[in-house]
Amino acid sequence: MSVAEPEVIELTIPCRPEYVAVARLTISGIGNRVGFSLDAIEDIKLAVAEACNNVIQHAYEGSNLPEEEIKIQCTIHPSKLDIIIKDTGKGFSPESIKPYMKRAVTKKEDERLGRGVFLMRHLMDEVAFQPNQPRGTQVHMVKYLKR
Amino acid sequence: MELKIESKQVDKEMVVIDLEGDMDVFTSPNLKETIIKLLKERSIYLLINLEKVGYMDSTGLGVLVGSLKRVREHKGEIGLISPHPRVQKILDITDLVTIFKIYKNEEEAIRGLKEGKGK
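Chains as they are written, first to last, in the numbering used here: chain G, 14 to 160; chain Z, 2 to 120.
One chain only, chain G, in its complex shape (with noise of 0.2 angstroms):
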């Protein structure tokens, strides 16, 4: 299919670990509106799920999960897909994270993170971190339609 205009569509889920599933499912139906393959809609589900997760396991923490949300914003382009997923948590420096774009994280268990932000820097075309007003993190996520 082709789209002139970029269109929107947003979803906002619970901070919960039941709701990453949702989120997969509907970027799984954006991806193949888009006209993805099924290998690079897999790929952008991996991506969101682990933006979301690291929302999950580290964004919040200290705070009651139950009433926190995440919002993910999917813009619909000709040639791509963009992706932007919220939260209002506790944020961290964009710094911080930049080791794990470049390297894989393989023996350690407590780093869940990088492997995470890793996984969505290979699987994505661009990925970028930064901070979410009036406080958070946005993570801006592109894939792009290889015809």
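Source of the hints: derived by calculation from the structure; they are not laboratory data.
Keep in mind that the hints are not guaranteed to be accurate.
Okay, derived cross-link-like pairs now, BS3-like style, lysine-lysine, Cα gap no bigger than 27 angstroms in a straight line [stated by the list, open to error]:
# : chain 1 : residue 1 : chain 2 : residue 2
1 : Z       : Lys70     : Z       : Lys9
2 : Z       : Lys70     : G       : Lys159
3 : Z       : Lys90     : G       : Lys93
4 : Z       : Lys53     : Z       : Lys90
From a predicted model like this one, the values you see are computed outputs, not experimental measurements.
Given the coordinates of chain G, work out where chain Z should sit on it, guided by the hints.
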């Protein structure tokens, strides 16, 4: 999607764990609990069948890596059986293929881990 976990004892120390479903942030903790329980029962050679696991995220990978660390502390080992192509891809790109023993099928895995016992 749920993760079905079934384990069958091969011998006193060896167990095959058949998995079916998704290994994600919601389901992986159950597998972690199962493996900790097996370790307490002195099963230190674990064969984890991934043929029917079509999806695995970093939480699932973390459970596998953590379990490997635990069994090796007890001089045991983990073998992965026939990872689904998607899971194999994740193991490849995270370089975890270098730390796990991976087998084509259950028979080969049992033979492989038995030959490696005590080494």
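message = Tell me the hint numbers this structure goes against, listed in increasing order.
response = Violated hint (a single one): 2; every other hint is consistent with the structure.
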